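Assemble the dimeric complex from its two separately framed chains, guided by the hints.
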Amino acid sequence: MASQDIAGSGRESPGVSFLYDPKIRGILYQAVAFIAIISLIYWIANNTVTNLQRANIASGFGFLKGRAGFDISQSLVQYTSDSTYGRALYVGFLNTLYVAAIGVVTASIVGFLVGIGRLSHNWLIRKICLVYVEIFRNIPPLLVIFFWYFGVLSVLPQARESLSLPFGSYLNNRGIFLPSIIWGDNAGLIGIGFVVGLVLSFFVARWARKRQMATGQIFPVYRTAAALILGLPLLAAILTGFPATLDYPKLGTFNLSGGMQVKPEFLALYLALSFYTAAFIAEIVRAGILGVSKGQTEASHALGLRPGPTMRLVVIPQALRIIIPPLTNQFLNLTKNSSLAIAIGYPDLVAVGGTILNQTGQSVEVVAIWMAIYLSLSLVTSGFMNWFNAKMALVER
Amino acid sequence: MKKTVLQGVLGAAALAYAATAASAGTLDDVKAKGFLQCGVNTSLAGFSAPNDKGEWSGFDVDYCRAVAAAIFGDATKVKFTPLNAKERFTALQSGEIDVLIRNTTWTISRDTSLGLDFTGVNYYDGQGFMINAKKLSGINSALQLSGASVCVQSGTTTELNLADYFRANKMEYNPVVFEKVEEVNAAYDAGRCDAYTTDQSGLYATRLTLSNPDDHVVLPEIISKEPLGPAVRQGDSQWADVVRWTHYALLNAEEFGITQANVDEMKNSDNPEIKRLLGTEADTKVGTDLGLTNDWVVNIVKGVGNYGELFERNIGSASPLKIARGLNAQWTKGGLQYGMPVR
Numbered sequence: 001m002a003s004q005d006i007a008g009s010g011r012e013s014p015g016v017s018f019l020y021d022p023k024i025r026g027i028l029y030q031a032v033a034f035i036a037i038i039s040l041i042y043w044i045a046n047n048t049v050t051n052l053q054r055a056n057i058a059s060g061f062g063f064l065k066g067r068a069g070f071d072i073s074q075s076l077v078q079y080t081s082d083s084t085y086g087r088a089l090y091v092g093f094l095n096t097l098y099v100a101a102i103g104v105v106t107a108s109i110v111g112f113l114v115g116i117g118r119l120s121h122n123w124l125i126r127k128i129c130l131v132y133v134e135i136f137r138n139i140p141p142l143l144v145i146f147f148w149y150f151g152v153l154s155v156l157p158q159a160r161e162s163l164s165l166p167f168g169s170y171l172n173n174r175g176i177f178l179p180s181i182i183w184g185d186n187a188g189l190i191g192i193g194f195v196v197g198l199v200l201s202f203f204v205a206r207w208a209r210k211r212q213m214a215t216g217q218i219f220p221v222y223r224t225a226a227a228l229i230l231g232l233p234l235l236a237a238i239l240t241g242f243p244a245t246l247d248y249p250k251l252g253t254f255n256l257s258g259g260m261q262v263k264p265e266f267l268a269l270y271l272a273l274s275f276y277t278a279a280f281i282a283e284i285v286r287a288g289i290l291g292v293s294k295g296q297t298e299a300s301h302a303l304g305l306r307p308g309p310t311m312r313l314v315v316i317p318q319a320l321r322i323i324i325p326p327l328t329n330q331f332l333n334l335t336k337n338s339s340l341a342i343a344i345g346y347p348d349l350v351a352v353g354g355t356i357l358n359q360t361g362q363s364v365e366v367v368a369i370w371m372a373i374y375l376s377l378s379l380v381t382s383g384f385m386n387w388f389n390a391k392m393a394l395v396e397r
Numbered sequence: 001m002k003k004t005v006l007q008g009v010l011g012a013a014a015l016a017y018a019a020t021a022a023s024a025g026t027l028d029d030v031k032a033k034g035f036l037q038c039g040v041n042t043s044l045a046g047f048s049a050p051n052d053k054g055e056w057s058g059f060d061v062d063y064c065r066a067v068a069a070a071i072f073g074d075a076t077k078v079k080f081t082p083l084n085a086k087e088r089f090t091a092l093q094s095g096e097i098d099v100l101i102r103n104t105t106w107t108i109s110r111d112t113s114l115g116l117d118f119t120g121v122n123y124y125d126g127q128g129f130m131i132n133a134k135k136l137s138g139i140n141s142a143l144q145l146s147g148a149s150v151c152v153q154s155g156t157t158t159e160l161n162l163a164d165y166f167r168a169n170k171m172e173y174n175p176v177v178f179e180k181v182e183e184v185n186a187a188y189d190a191g192r193c194d195a196y197t198t199d200q201s202g203l204y205a206t207r208l209t210l211s212n213p214d215d216h217v218v219l220p221e222i223i224s225k226e227p228l229g230p231a232v233r234q235g236d237s238q239w240a241d242v243v244r245w246t247h248y249a250l251l252n253a254e255e256f257g258i259t260q261a262n263v264d265e266m267k268n269s270d271n272p273e274i275k276r277l278l279g280t281e282a283d284t285k286v287g288t289d290l291g292l293t294n295d296w297v298v299n300i301v302k303g304v305g306n307y308g309e310l311f312e313r314n315i316g317s318a319s320p321l322k323i324a325r326g327l328n329a330q331w332t333k334g335g336l337q338y339g340m341p342v343r
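Sequences listed follow chains A and B, in order.
Mapping to full-length UniProt numbering: the first sequence position 56 is 56, numbers consecutive.
Mapping to full-length UniProt numbering: the second sequence position 147 is 147, numbers consecutive.
It should be emphasised that the hints constitute simulated quantities derived from the structure, not laboratory data.
Nothing false has been slipped in among the hints.
Partial list, derived from the structure: chain B residues whose beta carbon lies under 7 Å from chain A: (1) Gln93; (2) Leu114; (3) Gly147; (4) Gly155; (5) Ala163; (6) Asn174; (7) Val177; (8) Phe178; (9) Asp194.
Calculated lysine-lysine pairs in the BS3-like style (CA-CA distance at most 30 Å, straight line): (10) A:Lys65 to B:Lys180; (11) B:Lys134 to B:Lys180; (12) B:Lys53 to B:Lys302; (13) A:Lys250 to B:Lys134; (14) B:Lys180 to B:Lys53; (15) A:Lys391 to A:Lys294; (16) B:Lys77 to B:Lys180; (17) B:Lys302 to B:Lys275; (18) B:Lys86 to A:Lys336; (19) B:Lys225 to A:Lys65; (20) B:Lys302 to B:Lys267; (21) B:Lys33 to B:Lys86; (22) A:Lys336 to B:Lys180; (23) A:Lys65 to B:Lys170; (24) B:Lys135 to B:Lys322; (25) B:Lys77 to B:Lys33; (26) A:Lys250 to B:Lys135; (27) B:Lys170 to A:Lys250; (28) A:Lys65 to A:Lys336; (29) B:Lys79 to B:Lys33; (30) B:Lys322 to B:Lys134; (31) B:Lys225 to B:Lys134; (32) B:Lys180 to B:Lys86; (33) B:Lys31 to B:Lys302; (34) B:Lys86 to A:Lys65; (35) B:Lys77 to B:Lys302; (36) B:Lys322 to B:Lys180.
Over 12 Å on every C-beta distance to chain A, these chain B residues come out as not near it, computed from the model: (37) Asp28; (38) Ala32; (39) Trp56; (40) Leu203.
Predicted model only: the values in this text are computed from it and were never measured.
No residue lacks a Cβ here, since even glycine has one placed at the ideal position from N, Cα and C.
If we strip away everything but chain B, and leave its shape as in the complex, we get (with noise of 0.2 Å):
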């Protein structure tokens, strides 16, 4: 009898001290249970969402798809679980996931008190709001929102960032807030407000999900900068320099023109960086010093495609979302997206 019992409670200790010592080295834990589990948006067009044939796809789970394919040379190697705004960072700290990739703003309560590390900016963003010019005709900025009732999502810097443009602008509104992405989308639709605030890139995909797309558009003004990005737990370098890397082996594979086609013949180029970042070179440690292969970034443009691609296929021209690259063209194109040197 007592053996039983001094066996439970040092299973249960064993157990709790398992569940905290999961943040001890990410990346080896994921080599060692063979997937990447990855946080996402529950439901975003583009972003993050499933597809007709029930399988998640959009721009943040081609990034999780990247990050599982330099780790594993396999892109399938991820699970996603779905998180709505309240619940991601909790799911990262706790352990339930290994990244969170859901298009989350960098901000520096965020990454200071939360015990996050943000490694990078997969895109930059910005606030605006939406209303149905059917209903609301003669309204074309957001400074003629006085009065209106706004949806928007709890728990979200969208919501901070709402209040305070009111309050700068001397202005009066409703807040009218939910915990759901779709429960917003549903009340907007149901007319319950006037207006709807989000990161831009959402109120296009959000836009595309109303039932009369075409009643609805994006007033110009941007409240806020939006930097959205991949998200990892603070301590432990190693894993967020995998995940910071792999985004930069995207914006390096598109600045070099390397795509899903050309891969494989541009591991014969002579460029020597082209060389460095697929690894062709002599004896390079590039690869392995990360705890990767070296042909990691092989396997990312293999397993996705450059950033390029990746921002075509789910949200840019190819997609139904036509966004402009924008903030997100590359550096040398007039934008923000630089990935740093591989050297």
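For reference, chain A alone in the conformation it holds in the complex (with noise of 0.2 Å):
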């Protein structure tokens, strides 16, 4: 009833337009707005195929079907270069999601040590935390992945006067050489003596934490859980006979063959990534630990816990409040930052899809599929933090 009293008294005052009512005229406003990013969208989008038609060169999604014709040096999953430019493209991709995940990692957990470093009461400890932190974010990452690569790993011995290092191992400028393990028949075994392991650990951790809810009994679960872990896959072991061997890296015409490489390109982009966000994750950190109040440490202190489980305990679970939101920005820049791999050789998305590019020419496709894999990543990454960010945000009692 009230619209059409305003309808009404808009007829009554001639002069007076409709597009004067607030309401009709913010929905106009956006519906121009709308209308005017979809021509626009249907613009480019229009312009882009004529002009690829004009200037005869072919488009559309077809040529990932192609033989690919060329070879990738690090595959996680079998390829050749009879393989297609779709798996090509799916070997970039698994490349990246590998030297992300464990970047993820290894810069978490080094940038925790030195976030807490940083606040160490140790006078030299929390020095040596600063310098790493100020040398490494004040230096543009590609630099980094450059020391490594020229700096560090460039400059090692040649295959033939390749270092020695303990339990077979190798170290020279192609890469590290590790022994790897041969598995014999039942070593199934031992994979699912490690599983079991880990769920009856977990509902041990269960239990235990209930107990302690209801009766104040501590139980040991980590030396608990260490003993399922490792002790069920030793146990599956010992009853299968060991059924593994290991193959150990020999010099062969041009290089070490057998056993295990770890390319350089690969260990450079890693290490530089993990070093180079280490250095703001322990910033991070730093201001999560100083965002909880002073007053909680006291307090955990007069109850009787020490440092240790005061932090475990009390600071560090309302650090994580803090922490958490700007550790999802860090993660996605080191996936995001893994595609500066296309300077020293790593067979990352963006090298392979490059390669792909200059192949068949299919630029526009190439880079569409580069944006909505790393889109969709750094989504998926965001919607995992989110949902972390949930589960350890503060829960009223």
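Below, the structure is given as structure tokens:
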């Protein structure tokens, strides 16, 4: 009824257009903006398609089914030059994911240690951590990658003069060579033992927590879990008679062959990204810990908790609430920075995509695939971190 | 307010249209802007590299100058865009450069699906391997390279031939792939790879830039055909003709013995073929039909010399590379270079 009244009054006073109704005007503006954006997008897309046709450049995603014809130095899945371009992109995507995933884990661990070290009562530790943070966070990541690749790994000895490391491992300018394990029959049992150990530990931890809540008695969870996770596979190994042999790297014509090789391109990228991002994470962790009021620590000390448990049970859980949201940003940055791999020849998504772009000339399509994949990676990461953040948030009891 | 927005949109639209319309008449566009924009290699000694005075020099670079001389009568009216393997085709497609003369292999897929046209072969090449003979003594054939790490530039035909060759010979290898030729050179020089593969001319050129050139040898096997030549955008035959006939003019000039030194003398020649080539025949229309002036060949030869002079100066016996003419000799001397008749 109210809106009818307004409309009625509008009609009674000529000269005042319905455009002056703030509600209608708001909708109108939004509609105009919406149409403008849609037409802009349509215009760009249409222009691209027309121009590609005019320049006689083939378009569409059909090229992904074509034979790639080039080799990739590092692949987590089966890949040969006979595989398709689509498969090659998948290999590149997995390589990106691989370096990002273990980079995130390492950066978090190093970052937490350095961040806590920055607040240490020990002068030397505090200053070392300060110097580390200031150096790494003030250098562009590309230079850090170059530092590791050209400054550290390239100057290692040649293959014939490899440095011997313990356990039959070698280090030279082609990377680190480790003995690889060749599993024999029934080796699956060891894996099963490991999984069973993990599952049992989880239930033990849950039961111990419940019991501590109810009775206050503490159960040695860590020791039990370690025994389960290591003991069960060991038991399986003994029962099956150690069905594993080690393949040691040996010097061949050109290089060490056999065993497992960690390539310098991967090492340089992984170390650079981890140490670069760790410097930022350290600062976030320090800020998070400082953000917990000093009264919390004092109260915890008053209850008789020693500094270790105080940190672990009182400060860190509260600090995490401050730490997690900016931490998400760092994880995203690390993932996106991994595209700098192209400078040192690590076959990540951008490097492999670039080769495909050049071999097929499908630049628009390849760039679209790049953007779509990085966008979804970032959205998935931030989605997970939001969930984790909600879980860690202050729960009113 | 409305007016400015409209103007902005129209301006952007006009800009986008102008960028796309550049392919309509490249010759007229080049004449209008007063210089030729030529895409060349970032660094390949003998073919395209800045010299000690900071000027671009080399075989491909002189081809750019030859095209500029044909159009403007002045070989200096050219600007160079250094491109790596990955950028080259996009730069040509987008109209950033007018012609791509960057030791680019002519293949069917590039010719048909990239919106390009190749206008000829200015250098017949083949892919080979280079190794450090001091470190790998006893290796004298590419067939002994099983298990080697091989340095290669990404996005090249070389990368594909490499994969095919090792696969066909049932050998293993480990590709070490970089985007920029400088990065490949640095990695090979540092011993990151056992072998370096690219076109043989490129291997000879690269060897000169290594820290100990004498330690390295080029293995005898040639594993592919690499006809290198200039490329232009597809669908502009007039422009393709200008680039194509510049190449043939260089070849014909060598065949008839017209050099940078004697070209003015040759204008008085009675030989009808030379007269036609140099545009001294009465009422000739050879040059004007091409959209150029009738003394276009005189300008080219005056500007850069003939094909043979270009070759010797940049990559042949008068250069540090000392590459033999081989397949690139004139057809009269058992080579493949054959200038189409100017008639």
